[in-house]
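As given, the protein sequences belong to chains A and B, one line each in that order.
Residues 72 to 798 (the numbering used here) are what the first sequence spells out, left to right.
Residues 78 to 233 (the numbering used here) are what the second sequence spells out, left to right.
Any given hint might turn out to be false.
[Claimed, not checked] Straight-line alpha carbon distances no greater than 30 Å define the calculated DSS-like cross-link-like pairs of lysine-lysine that follow:
#1 A:Lys-460 with A:Lys-481
#2 A:Lys-481 with B:Lys-173
#3 A:Lys-730 with B:Lys-173
#4 A:Lys-481 with A:Lys-730
#5 A:Lys-460 with A:Lys-241
#6 A:Lys-558 with B:Lys-173
In short, the hints are calculated from the structure, not lab data.
Listed below, chain by chain, are the residues.
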Amino acid sequence: MIGTSQPRAGGLARVTGRQQFIADINLDHTLHVKLVHLDCGHARIVAIDTAAASEVYGVVAILTAADLPQPVPRFGPVHDDRPILAVGETKYHGQPVAAVAAETKEAAEAAAELVRVEYEALPGVYTVAAALDPDAPLVLEPGLRPDDPLRHSNVLRELNYGWGDVEAAKADLVVENSYAFPMVTHFAIEPHAFIAAPDDGGVVIWTATQNPFQTQRIIARVLGLPLARVRVIAPDPGGAFGGKQHPKYEPLVALLALRTGRPVRLLLTLEETFQEVRRTSCEIHVRTGFQADGTISFQDIQSDFLLGAYADVAERVITKANYLACGPYRVPDARITVRALLSHTTPSTAFRGFGTPQVSWAHESQLDDAARRLGLDRVDIRLRNLARKGEAFVPGDTPCDGDWAESVRKAAGAIEWGSPIAAGRGRGLAVAIKASATTGASYSIVRLHWDGSATVLAGTSDMGQGARTVLAQVAAHELGIPIDSIKVVMGDTAAVPFDLQTSASRSTVFMGQAVARACRDINAQLRQMAADLGLVANVSVVELLRARFSEVRGEVIGVGSYRSEHQPGHPLGGSPSFYEFSCTASEVEVDEGTGEILLVRHVTVADVGKALNPQHVEMQDEGAAVMGLGHTLMEHILLDDSGRIRNLGALDYRIPTTKDLPLEMLALVVENADGPGPYGSKGAGEGGLMATAPAVASAVTEATGVVIRDLPLTPERVWRAIQSRDL
Amino acid sequence: MSSTPIRVTVNGAEREVEVAPNTTLLDFLRDRLQLTGTKECCDLGECGACTVLLDGRAVNSCLMLAVEGDAREVTTIEGLSENGRPNALQDAFLAKGAVQCGFCIPGQVMAARYLLSRNPHPTLAEVREGLSGNLCRCGGYVQICEAVLAASEAGT
Chain A
72 MIGTSQPRAG GLARVTGRQQ FIADINLDHT LHVKLVHLDC GHARIVAIDT
122 AAASEVYGVV AILTAADLPQ PVPRFGPVHD DRPILAVGET KYHGQPVAAV
172 AAETKEAAEA AAELVRVEYE ALPGVYTVAA ALDPDAPLVL EPGLRPDDPL
222 RHSNVLRELN YGWGDVEAAK ADLVVENSYA FPMVTHFAIE PHAFIAAPDD
272 GGVVIWTATQ NPFQTQRIIA RVLGLPLARV RVIAPDPGGA FGGKQHPKYE
322 PLVALLALRT GRPVRLLLTL EETFQEVRRT SCEIHVRTGF QADGTISFQD
372 IQSDFLLGAY ADVAERVITK ANYLACGPYR VPDARITVRA LLSHTTPSTA
422 FRGFGTPQVS WAHESQLDDA ARRLGLDRVD IRLRNLARKG EAFVPGDTPC
472 DGDWAESVRK AAGAIEWGSP IAAGRGRGLA VAIKASATTG ASYSIVRLHW
522 DGSATVLAGT SDMGQGARTV LAQVAAHELG IPIDSIKVVM GDTAAVPFDL
572 QTSASRSTVF MGQAVARACR DINAQLRQMA ADLGLVANVS VVELLRARFS
622 EVRGEVIGVG SYRSEHQPGH PLGGSPSFYE FSCTASEVEV DEGTGEILLV
672 RHVTVADVGK ALNPQHVEMQ DEGAAVMGLG HTLMEHILLD DSGRIRNLGA
722 LDYRIPTTKD LPLEMLALVV ENADGPGPYG SKGAGEGGLM ATAPAVASAV
772 TEATGVVIRD LPLTPERVWR AIQSRDL
Chain B
78 MSSTPIRVTV NGAEREVEVA PNTTLLDFLR DRLQLTGTKE CCDLGECGAC
128 TVLLDGRAVN SCLMLAVEGD AREVTTIEGL SENGRPNALQ DAFLAKGAVQ
178 CGFCIPGQVM AARYLLSRNP HPTLAEVREG LSGNLCRCGG YVQICEAVLA
228 ASEAGT
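Chain A on its own, in the form it takes in the complex (with noise of 0.2 Å):
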């Protein structure tokens, strides 16, 4: 049961059109809703005519700030900072200004159009550069942290890291370089979608969210009602990667569904999608010391992190990534400087990775550039400083927790390392390293029923990774009962028990142990009922069940939990569970006419302590490998003078296709069980992007001479550098 590559849970349904997401849901009676936002990033809202909106046929209410309690209530995952519909001024294109509900969709659109907005275009801050200007617009008002001594600029947080004396340390070549991110989007198939109705002095929420105790928390604080009032339902995500995690829309549709005594329905477009969610952008300048073996003698990280208009989890996300901004290396002396830059753009959010992917960009291409002036081997040079099994590589922290030079060696192997290679080609290698949940908890409930069957309820979401079906494994395995009597209930608080969230490939580790345990609860009942009939020790689940509940029926109920509790004082809350360490090697062919780049093999290895379900894993570490070729090869959001997304939409912002795919892909795992989750695995399903970019450019750099720092490494840009390389 454990280690084989179980069917995935409601698979049937997905291949049959029959899974149910939430434009899918239809109840009697509803409003349809639509939003209404200005064609600019930054401006003052003079006045709202909702006159002409009304007289539309169907239209049951038109919301704006004004209508909202006041102050208008405020929320987010960490700031109160994000209102429910913009207030005086719209902080970035897309923020709505007005919420349209009518009887039929149609309806709602065209009010919605004829909505008056009477604006001011404002000078936005839409770049790093911007941000820091002391002249820039302050994105956020300083009466919204007046405590906070950075109030009067665009930092929202400033962190420093680091141990040891860079300014002592000695090194025999110090490279020097900077780094660019680009903003990219999460390009969940489903677009966003939102239902609420009114239910029994509270309100019920439908939303494909990874969070759904977190909405119903701030759902809660929002309109003032007990948790226990705030019913959140969540339908497995189709697909979410983070950008489902935190709550977007939901405070607004609770309000109308309670204000209009209606269900009312938010189906987002997928350019309002992408005006909602995008991954942080980032500047990194770094220095780093070697010694003439390529020993690392220090890192010297000064970023800079472009956030949206609010902070959503952008902070976190930095938090976390620049912990590890020196990479899974044993680092003699580190400083790490980081700003965290509110701007008038899209909110950026947990995005898979969480800011690995930016972090590694920068000390893998570090790593290449010193090998090549050393003329040391790629490899080699992280050979030699990759932590081993059970080196703090952070200083006082939770320490290397596997063969990390094992995945190496197997992507090394798996690409060919050092064998003859063709011209034009090139070959690249990257590692990456991603702290996991730190605090946390996780509960499950888990029902024996008197047929030996069992209801695992479960608070994870599963938005595509297939936690379903690894769930329903551990209990297949701890309660030696077939799988396919074993059903999984997700997504409804007023059903399943508390879950922190569905984040930081924490899911097997936190809730698998829970249902482990919970499992294991029912066990050790089970063994105490057959004492008591004594009946002897090795009787069937099902004999034993019969024997005792054969007249007036029952169930055995068994309950677990996973707790990771809070660090006062440390720097992330708490130390990572377990880190997600991952291998990316990558053979590409370059075309020097056009810089279009040929991936001939592409390759990842994924630390995953045990493969509970291989299959499930191969296909989260091949998908991530191709999101990853999508910020590495083709996806960058673009931005106009005023703050405008100029490639708004599938068909401008282009994600990977068929075509895009290397010629050979491959994904392989290192098991040694040492995770802390059931049977030594460790989570999984981040780690195949974050190493994408830097193994593709060093690849690009072999093949053509040419170094190039920013992503995306687009046709045009590979080709201008190959010019520059030839003047």
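Starting from the structure of chain A, add chain B where the hints point.
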């Protein structure tokens, strides 16, 4: 807006209905017939999530009007399975691990169905070409392509 009568066959059943001339085929299928297996994503004909067969040809139903279905035959994902059981192509998607979140899968299956109807034994390159209009963000497309090749071998 005035309505137009059409006679359209959907998944084998002929229907006489009145539709607004600006209703897309996608909205007609999803909102009127509650055939929600066909998905809406980009609404531009770029993602393929809304792929259905019109007289056997794969089309983006977001780019068609319902009135264009008049006197024609539409097949949606719901029309592929028999008695709720998956057909061999759908089975191959399951067996090869092609399904993650599943939102793009109905469109992928319909595009694959069309490909195999034209070309029962495609090469991998032809599969990649045939499915290049269907975006998936969860997977690496590898398993989807393998599933189509497996279904081809099984003679779907």
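Going through the hints against the structure:
1. A:Lys-460 with A:Lys-481: OK: Lys-460 of chain A and Lys-481 of chain A at ~17 Å, within 30 Å.
2. A:Lys-481 with B:Lys-173: Distance ~25 Å between Lys-481 of chain A and Lys-173 of chain B Cα, so the pair holds.
3. A:Lys-730 with B:Lys-173: holds (20 Å)
4. A:Lys-481 with A:Lys-730: Roughly 27 Å separates the two Cα atoms, so the pair holds.
5. A:Lys-460 with A:Lys-241: With a Cα-Cα distance of about 26 Å, the restraint between Lys-460 of chain A and Lys-241 of chain A holds, given a limit of 30 Å.
6. A:Lys-558 with B:Lys-173: holds (23 Å)
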